[in-house]
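Letter by letter, the sequence shown follows residues 1 to 264 in my numbering.
To be clear, the hints were calculated from the coordinates, so they are not data collected in a lab. These numbers were taken from a predicted model, which means no experiment stands behind them. Don't take each hint at face value.
Said to hold, decoys possible - Derived lysine to aspartate or glutamate pairs resembling DMTMM-like cross-links, with alpha carbons at most 20 Å apart:
hint, residue 1, residue 2
1, 258, 233
2, 99, 18
3, 70, 163
4, 70, 89
5, 132, 233
6, 59, 94
7, 132, 209
What the hints assert, rightly or not - Computed Cβ-Cβ distance ranges for the label pairs, DEER-style:
hint, residue 1, residue 2, range
8, 176, 1, 34 to 42 Å
9, 34, 99, 32 to 40 Å
10, 80, 164, 34 to 42 Å
11, 253, 92, 36 to 44 Å
12, 63, 243, 17 to 25 Å
13, 71, 243, 21 to 29 Å
Even for Gly, the Cβ is constructed at its ideal location relative to N, Cα and C.
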Amino acid sequence: FEVPADAKKVVDPIPLKDMGRFAHEAVAEDAETGMIYETEDHETGLFYRFTPNSIGNLKKGGLLEALRIKEMPQVDTSNNEQSTIPLNEPMAVDWVPIKSPNPSGKETPTQVQGFEQGAAQFRRGEGCWYGKDENGNPQIVFTTTTGGPNSKGQIWRYSPQAETIELLAEPNDESILENPDNITVGPNGELFVCEDGPGTDRLIGITPDGNFFEFARNAVNDQEMAGVNFSPDGKTLFLNSPFSNPGMTLAIWGPFAKLNRNQL
Numbered sequence: 001f002e003v004p005a006d007a008k009k010v011v012d013p014i015p016l017k018d019m020g021r022f023a024h025e026a027v028a029e030d031a032e033t034g035m036i037y038e039t040e041d042h043e044t045g046l047f048y049r050f051t052p053n054s055i056g057n058l059k060k061g062g063l064l065e066a067l068r069i070k071e072m073p074q075v076d077t078s079n080n081e082q083s084t085i086p087l088n089e090p091m092a093v094d095w096v097p098i099k100s101p102n103p104s105g106k107e108t109p110t111q112v113q114g115f116e117q118g119a120a121q122f123r124r125g126e127g128c129w130y131g132k133d134e135n136g137n138p139q140i141v142f143t144t145t146t147g148g149p150n151s152k153g154q155i156w157r158y159s160p161q162a163e164t165i166e167l168l169a170e171p172n173d174e175s176i177l178e179n180p181d182n183i184t185v186g187p188n189g190e191l192f193v194c195e196d197g198p199g200t201d202r203l204i205g206i207t208p209d210g211n212f213f214e215f216a217r218n219a220v221n222d223q224e225m226a227g228v229n230f231s232p233d234g235k236t237l238f239l240n241s242p243f244s245n246p247g248m249t250l251a252i253w254g255p256f257a258k259l260n261r262n263q264l
């Protein structure tokens, strides 16, 4: 369903069936093309792209596809059992359609349809965000919360212009990053990642050159933080603590250029 931010009254709950029937987690819209990218919170989930028939009007339907790594069809990207995916090496991709005869996924699950055509599997896709890298190129970044040899999580980057996907981070060390969830792109291309693991959860920053630093931690309780998002001018970082009692939304001001980025 779509909830318009500018709605002044209750809107009709129209299901967006063409966007897929699966365990939806997060979406990111490519501001230049209107394409929507979707993660799937499942141990054998896929990474999806939805091309609307009418940009900005999702109710008019469109085409749903799943990402395939060209040289590794049907690959399990988790690296849980073996080191299949290298770090920091862009891999060429294409997209396979989720369509007739089972576009709804009722008879054949959506992820099965994609996998049978060679789509890559991602271990519990979570946060997903559109932004620009340090060179101003568009990127879609997303997390897999239990990827990696120690199931501590992975961070991925899809580059729409190059049609490549890259494993950006896989620390396998809970002191650096543990079970990444929500993610956003900062104004200078840095990533900010919310943890959702046992114990104390943090907000971790990642610089464009791969340096991890601790930006914040939840010192109130052991609940996750979520909803990380910069204001349009890049001067305010919003962050939620949804499961605190009461739940909180925090606004954090810079100057972000003077952050302590000491490597974890």
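Checklist entry - At the C-beta level, are residue 253 and residue 92 separated by a distance inside 36 to 44 Å? => result Once the Cβ atoms are compared, 41 Å apart, the range 36 to 44 Å for residue 92 and residue 253 holds.
Checklist entry - Keeping to a limit of 20 Å between CA atoms, is the pair of residue 59 and residue 94 held or broken? => result violated, 25 Å
Checklist entry - Measuring from beta carbon to beta carbon, are residue 63 and residue 243 in 17 to 25 Å? => result Given range 17 to 25 Å: violated, Cβ gap about 36 Å.
Item to check | Proposed proximity, residue 233 with residue 258 (alpha carbon, max 20 Å) | outcome: The hint holds at about 17 Å.
Checklist entry - Taking only the CA atoms, is the gap from residue 132 to residue 209 under or equal to 20 Å? => result holds, 15 Å
Checklist entry - Cβ-Cβ distance between residue 176 and residue 1: within 34 to 42 Å? => result holds, 37 Å
Item to check | Range agreement (Cβ of residue 243 with Cβ of residue 71, hint 21 to 29 Å) | outcome: violated, 41 Å
Checklist entry - Holds or violated: are the alpha carbons of residue 70 and residue 163 at most 20 Å from each other? => result The hint holds at about 11 Å.
Item to check | 20 Å Cα cutoff - pair residue 70, residue 89 | outcome: holds, 14 Å
Next on the checklist: Next pair to validate is residue 99 with residue 18; report whether the Cα-Cα distance is within 20 Å.
Outcome noted: holds, 9 Å
Next on the checklist: Tell me if the beta carbons of residue 80 and residue 164 are separated by a distance inside 34 to 42 Å.
Outcome noted: The hinted range 34 to 42 Å is violated for residue 80 and residue 164, with Cβ atoms some 23 Å apart.
Checklist entry - Is it true that the CA of residue 132 sits at most 20 Å from the CA of residue 233? => result holds, 14 Å
The structure fails hints 6, 9, 10, 12 and 13 (numbered hints given earlier, in ascending order).
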